[in-house]
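Residues per chain are reported as follows:
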Amino acid sequence: MLQSLLLLVGLWVFFGIVGLPTRRDSRLVARVLFPLGALVSLIFAVLAGSFLISGQAPQGMILPLGLPDLPFHLRLDALSAFFLLVLGLVSAGISIFSAGYFRAGKGTAPGLMGLQYHVFLASMAIVILADDAYLFMVAWETMALSSYFLVTSEHRIPEIRRAGFLYLLMAHVGAICILLSFGVLQGGSWQFTFGAMRGASLTPFWATTAFVLALLGFGAKAGLVPLHVWLPEAHPAAPSPVSAMMSGLMLKTAVYGMLRVSFDLLHVRFWQWGVLVLALGLFSALYGAIFAAVQADMKRLLAFSSIENIGIIFTGIGLSIVFETCNMHLFAALALSAALIHSLNHALFKSLLFLTTGSVLHATSHRSLGKLGGLIRRMPWVASFALVGTLAIAGLPPLNGFVSEWLLLQSFLFTPEIPHAFANMFIPLGAAVLALTAALAAYVMMKFYGIVFLGQPREDSLAEAHDANWLERLGLAWLALGCILIGVAPQIALRPAASVTDKLLGHSVNTSSIWRIAPISPQQASYSGMVLLAGIVGVVGIAFLLVRLIAHGRMRRVPPWDCGYQWQTSRMQDTAEGFGQPIRHIFATFFHMERDLPSPSDTSPQYRIYIEDRVWRAIYLPIARTTQKVADLVGGLQGGRLSIYLLYSFFTLIVLLVFVL
Amino acid sequence: MRDITVVRQFGEVVLAIAIAPLFVGWIAQCRAWMQNRSAPLLRQTYRMLRKLFDKDAAMAATASPLFRTTPYILFGTMVLAAAIIPSLATDLPFAHAADAIALIGLFATARVFLSLAAMDIGTAFGTMGARREMMVGFLAEPALLMVLFNAFLLYGSTALPSLVDGYRAHPTVIDPSAIFAAVAFVMVLLAENARIPIDNPATHLELTMIHEAALLEYSARHLALLEWASGLKLFNYACIGFALFLPWGIATNGADSGTALLISIAALLAKLVVAGAALALVESLSAKLRIFRAPEFLAMAFLLAVLGLLVHLLLGTKLA
Amino acid sequence: MELLAVLALPLLGFLLLALFGAKRAAPELNIAVSFATLLAAALLVLRVELHGPILVWHDQFFVDAFNVFLVGLTAFVGFTTALFSRPYMRIEEFHGRLTPQRLRLYHAMYQLFMAAMLLALLTNNMGLLWVAMEAATLSTVLLVSLYRTRASLEAAWKYFILCGVGIAQALFGTILLYFAAEKALGREGMTALLWTHLNTVKGQLEPRVLGLAFVFLLVGYGTKVGLAPLHNWLPDAHAEGPTPVSAVLSGLLLNVALYAVVRCKVLVEGSIGSQLPSRMLMAFGLLSAVLAAFFLWRQKDIKRLFGYSSIEHMGIITFAFGLGGPVANFAAMLHMTVHSLTKSSIFFTAGHASQKAGTQQMDGIRGLLDTNPTIGWGLLLGSFAILGMPPFGVFASEFLILTTAMRVHPWTTPLLLIALGVAFAAIFARVQPMVFGDSEAKPLPHSPALVPVFIHLAIVLTLGVYMPPALAGWYRAAARLIG
Amino acid sequence: MTAHAYTVPILNLLAACLLLISFAMLSRRRTQRLVTLFAWQGTILFLSTCLVAYSSGLREIYYSAALTLLLKVIGLPLILHRLIYRLGAQWDSETVVNIPLTMLVGLVLVIFAFGLAQPISMMATTITRNTLGIALAVILLSFLMMITRRKAVTQVIGFLAMENGLFFAATSATYGMPMVVELGIALDLLVGVFILGLFFFQIREQFESLDLSNLESLKED
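Chains as they are written, first to last, in this note's numbering: chain F, 12 to 672; chain G, 5 to 324; chain P, 1037 to 1519; chain S, 228 to 448.
Calculated directly from the structure, the hints in this document are not laboratory data. Each residue gets a CB set at the ideal place from its N, CA and C atoms; glycine is no exception.
Chain F is nowhere near these chain G residues, computed Cβ spacing over 12 Å in every case:
1. Ile8
2. Asn40
3. Arg41
4. Arg47
5. Gln48
6. Gly245
7. Ala264
Here are the computed lysine-lysine pairs in the PhoX-like style, where the Cα-Cα straight-line distance is at most 20 Å:
8. P:Lys1336 <-> S:Lys446
9. F:Lys640 <-> S:Lys446
10. P:Lys1336 <-> F:Lys640
Assemble the whole structure, with the sequences as input and the hints as a guide.
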């Protein structure tokens, strides 16, 4: 199993290299290599899934590479299998879409792009398979590097370069934190294999240090507030399939790492850890949702929504840690499965949405919401797939987004008394924030879909927008199908998640029932998307027939009424800023806003609003300024005068002499 | 046994569909009395629906399929919701398919579809209505969830029927948090159903309307379905309220004799009459808020609900 | 006798080139001699690998696990630099910055420099080590001042004075060492300064004297390593000398100087039996790494930038040697190897890049990937390698160093984190615009020789994912030796 | 040996002279004077080395004494004089920073050096052991001189004086280093001075003066 998985990874790299020589001609890469890559992804998913369902024992393997005392260890267990499953399922869709998407043009040559893309894919797989710190770090940074190249594929645009720089910087600093965390974890055994780390016994202080460092590192990659700043820059900069990969899959590797370290290596030990993660997750969720609501660029909007979803996932993780440390294993399992399933769901619908933005970009070459609109008539396919994604990410039944949020709320609800008063008070508040976030997400996605696809085109150029080609449609359809299936039959996702929690926590939620999920017990809570869907479809159908029987089908096409208002243009629709207005109004404290409103007498009124992340001013700019100050200070040492230099070495000598005296 | 429950389920749904417009009419009547106007007939709402069904639909030229299917979807979701809520009896097959959280999900779905449809035509007022609808929604929804959480925590279940059963099992218990929850719930109900002080269903004053702005482009049968759906929504909310705070008379598990059913129907009607009157009273006594004040109103509801939750955790009665 | 060849060939080359250095074929001759040296060194290394350490000529010369890989490295980088300098110097001549006479000086001094460093590595006699270091300084002084511009003269002058004074301290340290040693070993047969002998009797050496000696040796050789605050000569010399010289300075000279320091540390620590020398090394290393990182933040000149980056990495290596223990020493030697390979390759690309742009100011260098992809990719990958991005070897050593530090001296890790983070931000922020974007630079008169760049990077990459057992064996043995 | 009765005091006397010359160098303004002083320093070094050689009866010390005579008494001063003459620098003097202060610092250094050398010289077996402290003091003083000087030539003289100090230390502590090393050092020194000579001219033609204030352009700005 493991060998074949490795072989598949090798295949990916091989495809990438094969495509390299084709300089400007993209046919081979697009029409052959990407589809093949998608096929490999599919097989990948099948293998991982079968491993997961069959519940086999973990498989290990050692490659004769790496450092002399530390060859590359690989290991396939339930946790990694689950994330490999996610990787395979989603990347299959993305690769197919990319086959239709990437064309020769400005920016990186297709061959090189293909190489970077597949290396990115492979490195993510290795990150998940790695079983020693060194291989993990190598794969981790390779992942960052390849994605960096993908992000900066259109490096002639300064903003994109800036985004790439910020991204790689954050990634690198985060990586160093993870590395230090491993340094603590090996616990003086000088064995960097995860196996040794599992066995290492750490004092509470060191364990907490390792945990916090890991949280910093993985949080930076996952985009937890306040380490999220790179995310809304990098995602829009990248080509859409890459954004889909980063948001849908790369962030999940960070989730994986967090789970691996906290549950598998550190065997969660203190409830305070859980509360910390919980607080961070909730804050990020709310923060992301609020900022997504005020964005005017569709990809930035989706990026912030990624921050929100990551926040939700970490909320689940934190909750699960709290429960686990309070010996409520069943609820821990519930919360963890919620987090896992939400990872899968987010991977599905977020990549779906990013891909649709890609199609929209190709069709209209506009990213700003203020220039789009009415595309549902020009590109019905993309619009309908996007609708699925929108409803799913908005957490509406009967689609998959609702399932994970439902599970998470369940785990929030049925918390019997937690022995720690504060945690106990914290839980319901958390539930409240989560509910608010979910509702906000609905608002955000409504804005996204409504402005891009509904209403009147805001630009004349949109008239000749064309629908996606068949390969792109195939990719979109694949992901949309995933959203629907998991929504209707949550067991598909719950079973694998349960087998993960079985291995990780020794408990798992009840997945006995076929047609509904009742994680704890049917008396307490149960949900069946299937029945719900059937119910809606049934009632709608009956209603439709009845209406047609009782009444008539007569209908006239008329110009819109709009309260009889006559001179209406497409410019009178709400803009993205308009939709953001209530949020800006309610959560004003979150933003740093600069507005200039036109005066009534203004003949050519200009309305401009500039919204900035407070985090910049609060954290990052001060850091930059201090660095600059210190650098100036240090610069004084190199004053250019030889006698001063001699003085330095003289004093060094004297000081050291005094030291040894 | 099983078929009986199915029959009961079906009967409940039919009843809900049937009397929802009546409830709306009743409220209108009460309001008229209180504002000593001459009241419309009780069956005025039915008439209006019939008239609308007869009319030819005038569909905006730019409308997409989404716009046309939305009324049916809205109606469908509301009917489904009615099927989930234990208005008459508690052992309902559908209740196992979707608990209270799913119920809120359903309402959210309905809202999102309505707003999307409102944006579809691309008129100024349509989009405005959609935006405001969602704004009210994203504040009201969590508030409602929090209200439900109180009961959930108390009875350890998210299925409304089991909540009712729980109440019936311990009729004496009154949780101190209930009072917060009740107030919050009423506020949410007002907001969600486009009632004063948030919105006024009676007017089409462009700048203040919320719900009506969303329906602006609809006509004839589509409008009828939407009106009916909003009537159902109000009815559903009322029933949720009953299930949470005054569950008396609802036929619980086991008690599925005809008499119990009759009692429950009678109880439901009585409650509706009172509730309608009370609602009308509230609406007549309060003035409509500026749109900017609406968030504060709902935030208040949300905070009340959360407060109730904390109160429950502090000095709530613990049940086995 | 490979060892003799290794020492004699560069000297021969020095004489030849001093005579014919101005000829058209001088660069080729230079390459040939360097290649011969490389071959000899390869044979020597092979011999050591097969038959173990060597100790010859009344024990005056020796090769053990610690210096064998350095010998190989020095000869190798010497050869590749000679390869690179052929077109580079031709271009400089074409641009009229150099005359054939200067080229003769350059070639002769280049070989002399190689000879001096190989001698420094191979000699067993601490006194000769000092002489060799001084010779290396003198030859490089002439190389740094090759252009005879104001800036280059100033740089060379500072280099000469600072390193001269430093080396003088080292001499005093050596004298003290001898003073302590002669009691243990006696004056006869000049064995008193032989490292191997000293190492055997280090327990009996007078701790007080050795403590004092170490301070002088550390300050002396440390100046050449470029440890802050003795580093001031380094950026000037790197920026103003011709690029091949910057490459060998960074790639080889610093290594050799550090090698000398470590040899001394082994003796002293064995004698005084306290951790003091290690502590000193750690302090110097940390200080250099942090200061250099902040210096990097304010650079405008590309070669100056990478000069400071050399200081930073030397700091890290010194810190690692200070940490001690098998893992840290191992990592330190690995870092020595990969750093010299990476840094020299970076200087190669940087040199061509600035030749192309006609300036060393980084604002003037833009869009390398456009105009000359090989240079662009070389510089980009090289920078990523030096910044410790896997799978390049630099990451492997930093991985080991950081994890060790985290266990042994956790309080140092925040400083290291700051140093690495700031350095990353500084270098990357400057390399990215040079590599990406558009550019309007003219093509070069001679096609650049970038084969060495990619050979170096390939080796560094390999070391990141696979280490040949022989090398690992030497590292381990040397790590044990250093303790 | 009875010789020791005289040799040791004489040696100490010579050492004292050495220290005195170093202080004189620290205070001298005129470049040419400095060269002369440097020559004197070499002479004293030569004498003391001969004395040590005589008293210890070691052949090789005679060689190194000869080396000193050639290099430090005749060779280098001659070269320096020629240089200064050729550079036309014989009359130029420089403003040394506040001589009394420098003297004070020098004094402190001497004390420091003695304190440092005291315990070590106790261990020495040589008859000249007490002079080790003086050697160290000479080194530090010439270091101080290099720091305070502004002119290229004077800085070099300081550098050479430091070499003298080192040589003196070698002889006084251990009767000199092994011959190979001695030769190597001497060679390096010679080459170094040649290179410096080269430099003077290059610097002159570039900057029209040997004032080090010209060589301060390479810095962080």
